[in-house]
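From first to last, the protein sequence lines stand for chains Z and X. If you read the first sequence in this note's numbering, its first letter stands for residue 38, the second for the next number, and so on. If you read the second sequence in this note's numbering, its first letter stands for residue 5, the second for the next number, and so on.
Hints are all accurate, no fakes.
Mimicking DMTMM-like on lysine to aspartate or glutamate, the simulated pairs with C-alpha atoms at most 25 Å apart in a straight line are:
| no. | chain 1 | residue 1 | chain 2 | residue 2 |
| --- | --- | --- | --- | --- |
| 1 | Z | 139 | Z | 160 |
| 2 | Z | 262 | X | 88 |
| 3 | Z | 237 | Z | 298 |
| 4 | Z | 300 | Z | 182 |
| 5 | Z | 262 | X | 82 |
| 6 | Z | 117 | Z | 91 |
| 7 | Z | 243 | Z | 227 |
| 8 | Z | 117 | Z | 136 |
| 9 | Z | 117 | X | 82 |
In case anyone wonders, no lab produced these hints; they're calculated from the structure.
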Amino acid sequence: MKKNGWGQTNRFISSLLAVPLLFLGALPGAAETGAGLVKNLTRSAQFVFRGTIERTGAANLSIVEPDAKTAIVRVDEVLKTGGTLDDFTGREITVFLSEPRKTGDQGVFFTNVRLLGESLGVDEVGRASGSAAELAAQVESARGEIVNEGLAARVAAADLIVAGRVLETRAIDAGGKEAPSTEHDPLWREAVLQVSSVLKGKAVEKTVAFRYPSSVDVMWALAPKPSPGQTGTWLLHRRTSESGASVYAAFDPQDLMSAAEAKIAERWVNP
Amino acid sequence: MRSHALCKKLETLLPVVFVAAGFLALGAVPALAIDVCGNGICLGTAVPPETCVTCPADCGPCPPVTVVNMIPFAQSAETWQDSEPNLAVNPANAQQIAGSAFTINPTGATTSAPIYVSTNGGSTWTMNNIVPSGNGWTGDITLRFGGTSNVLYTGILLGGAGLTLNILRTTNFAAATPMTLLRSRGSVDQPYVQAITFSGADRVYVGNNDFGAAGGRTATVDRTLSGTVASPAFSSLRIETRATCSQDAPPIRPAIHADGTAYAIFYRWRAPTCSSPYTTDVVVVRDDNG
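Build the full structure now, drawing on both the sequences and the hints.
In structure tokens:
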């Protein structure tokens, strides 16, 4: 049910329509159409879903005062989500509509999450025309492209990308310089990696040392924490240490590639 | 009401699991008062049950305590370190409460971080992603309302930007509009905000440990006497006047009286022991002119 396009299950007017309902008019990038628009909307929207308008002028968050641009929408299928957001499939959420819609309308909603309370409150960031099935396919395709673009940007920003096994982690000499005393001190340590392959840059030795923040303070909690024996592909960045030396460092949560990302990056390097 | 003051309430909080600092609780469970004396009234002293005989006869039954889960139900499985909570009640409207912690934007978005908002006196809470961020959460964050302005101010360390202080405000803490940046500078730790409305203007004070301060006198208060104007002018007031061990301790906490008198308290790390455990003075300063 409701998997094959606009309005197929619209309770009020489905019998009147020989063609799917369309959301006419795109908001951002109005000059753009088709896959290009969908890709831009998918990029700018955190939460994309196929849904059905259950009630207009309504909201299911107590903090929201319903008006003509709020609607309770049932999430029929989540097409893009992120972070630790719960699975809202089959649940009703509040949508702050970019333009008014009618009860029973179905479509793909490109939204950003504004509120989380008794339910979810999302801002519609734009619309694209087409059947729900077509849009869902375009969103899926766009997601893949966007992920690859992000990976390409990370690869481009890295000075050295190496795969290998962590031999050891060790304390470092701060060179006699003391950093300010703060709970946000990264507590830099050094990992030594036995290099098995180089995807970018040059590793002269068979081992590469890089620094990482060992602190679990909120500023560094998600930074990679290499441990002896761990294998992986690392994106390393040149940095100047407290003592003025040029060192490699990994500090971003994404500086340790997932296995799938590493495979993609390898294909780029060795097509 | 006397009974409330006298009663030592013993709450059964077993169904409640406190997260991180014990501030964000899982499960909205009314806690139970225990009638230790078995006489239909709650206990009047601190150490049950030996002192039941001292229980005042008129203390009456203990009221139940309601524990409200600030984490949205759908996110109750999250395990991020929601540390260092802070809470602000609007002096002009006690129904409006804002909370903060190191909570991450659960959507995965990196451009904004949430605060917790309640418009019904804390009965229900909603996460509102209105704090500008570079990674989806904040470093430090504290918040306060102005006295009568309904403006909410925050002092944060910008997520993803190290020790970058941002002072922000919003005129509607429940709205979607991102908070407005009022001031930003680097090498700062532990911003702690206070605000009052005085003679019709919001005075905003942000205690902070400014590593850029000369001579290691890092205890600082960033202050504006006109928080609601379009571009408030801030001054960095150095409240440390003596020698330190290259810096003061991290917490610098202002407190403002309704008559405009401003206070601040901090730890001075000083000789002879400039390493942990430091030789420390507890310093309180006052400015009679705000």
